[in-house]
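> Now for the letters of each chain:
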Amino acid sequence: MATVTATAPGPHLRVRRWFAGFTSRETWAAFAFLSPWMFGFVVFTAGPMIASFILSFTDYSIIQTTHNVGTANYRTLYHDPDVRTSLRNTFIFTVLAVPAHVIVALGLAAALARVGRAASAFRTIFYLPTMTPAVAIGILYLLIFNGSYGILNRGLALVGISGPFWTTSPHWVKPGLVLMISVWAVGASVVIFLAALMGVPQHLYEAAEMDGASRWLRFRDVTLPMISPAIFFVVIINTIAGLQTFDQVYTAFFNASTPNGTDSSLMYAIYIFQQAFRFFKLGYASALSWVLFAIIAVITAIQIVVSRRYVYYEGQSK
Amino acid sequence: MSQASPVQAQGPAQPIPPAPPVAPQERRWRPSARPLTRALYFAFLAFCTVLFVYPFVWAVSASLKPREEVFDNRLIPKHFHPSNYLDVFRGVSDTIYKAQFGTWLWNSLWIAVLAAATVTISSALVAFGFAYFRFPLRNFLFACVLGTMMLPGVVTLVPTYLIWNKLHFTGPGTFLFLSRNQYPLWAPNLFGSAFYIFLLRQFFLGIPRDLFEASRMDGDNYWTMFWRIAAPLAKPAMIVTFVFEFKASWTELQKTLIYLRDDGAFTVPRGLKTLLDLYGPSAGGHGDYQVILAATVLATLPMIIVFFLGQRFFVEGIATQGRKG
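Taken in order, these protein sequences are the chains called V and H.
Counted the way the working numbering counts, the first sequence spans residues 52 to 369.
Counted the way the working numbering counts, the second sequence spans residues 752 to 1076.
These are calculated hints, taken from the structure and not from any lab test.
Just so you know, not all the hints are guaranteed correct.
Claimed, not checked - Result set (DSS-like, lysine-lysine): computed pairs, CA atoms no more than 27 Å apart in a straight line:
1) 849(H) <-> 1006(H)
2) 332(V) <-> 1006(H)
3) 849(H) <-> 332(V)
4) 917(H) <-> 1006(H)
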């Protein structure tokens, strides 16, 4: 709302005007409206981030006096076998979960887009699992995927497949968890994909058809590029969530009598939680969380760079 | 003005902002040309529906069975045993532990309402600040908001705990009539939340500026402008925020594991986890899964009800999320 000058403002003038902005009444009114968030950002986000980084170089434990330990925490975690186990589990889970989630969500959304008005009824049903509390999902997982009396293996037996011991066999824990946590709770992504599919202009399909494009080509060259922003969004969100998987797995595998869970179900977020709130090694836990933060940041950055090539934004303005 | 926007259907006549960004724009269902292909899609979706709904049906059915028959694989229980639901509240007869499930339900309810109400109001205020005003650092600060949206929650877990610990909210006792341990579950919502700020800002940006200028002519100050013009018009987006946060709060487990000590202060998820550990065989219990499942149904049912009441808002909120790319 600054006054417009006739000549192009030089750098000096621009800086001065920028500072002058702080004296305007509007600016202070705006800051008043923003003040809840600014306070929260400093106290609950930026502050904790910095504190956590500093703590990661100490042996902070609430109970005992704190020492500066340099990079010892980071060296310890590099050699910690549980860190390796939990990172491996978390990666395997995420690598299985994200594609499974995206493919199932896309398949369901594509089918929904072709059944007319009934789509909204089906959409409601597919959304319901996402409303289920994570603890409930953990419990249902334990009971439904139980190798000897779970309903899943009973169902598989009906079609002549003898199902594995999902909850105890090390190779089958992650696929089972993926099915229950990621694939069953696919509803939100179905809604996103359906909205994206509905937004693809019909004339693009007509043009492609006129050019004699096959069904597959129409999907690959029209649908996929047009809904790529939605796919990108779902992939990013689910990757970040997958790397932090905690609630359902903790519910199913960790309790007072099996505090260490099982090797195949130890997720990285659970390991952080245990180090912090069971053993009160808060310094070590801070180092662990910064490693996870770095991993998530790198993976997200890679996804963003890759997406530059494949994600198509209409108008490409943003 | 036309009443086309379904979002504005209820309530007194208000000026309607043209095409609010949160309004659904998917009204063009494309039925498949051939009836046979359409029937095939229907069959496929019906099959998937069975797969998606079966866990619910199974849980409800098993929660009504006596203990020996929980895994008997019948859809309709051979013997109905609805007293499982009473056992959730009074405890299985031979265990000493009395689950305070009623208290947990009540705790979950008021914490969720408080969490949702505070985050809705605070996020709306902040969003209005970003949407209406022009001020230095605006883009930078908004980038910070978007940045926190991507931030993994795990990183701030430990230091946030330390803050609450320093403020003496991790020990026993009460503060302003409420258990101290429950404050960390909702009080941070007083300061807004990135995703909701983003969502509400988009909505406020869709309100024509003329409305605000007119209200300024009437002598309104910024606060009354927000309260009288912006907030009522943004009601749909605020309901989206409310139902999303209500669900998030009701289903939260990790924070309750960190902060809640005394079982009288538990929320439903934390209590459900306690019941599972208590009655599950791995913890030395008898495997009273019929009670655990009854509690699971009780924990899930409110969410199902909330979803059916606010379905439109959930779908809008989610669809907006995907569209922001």
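> Which numbered hints does this structure break?
Violated: hint 3 alone.
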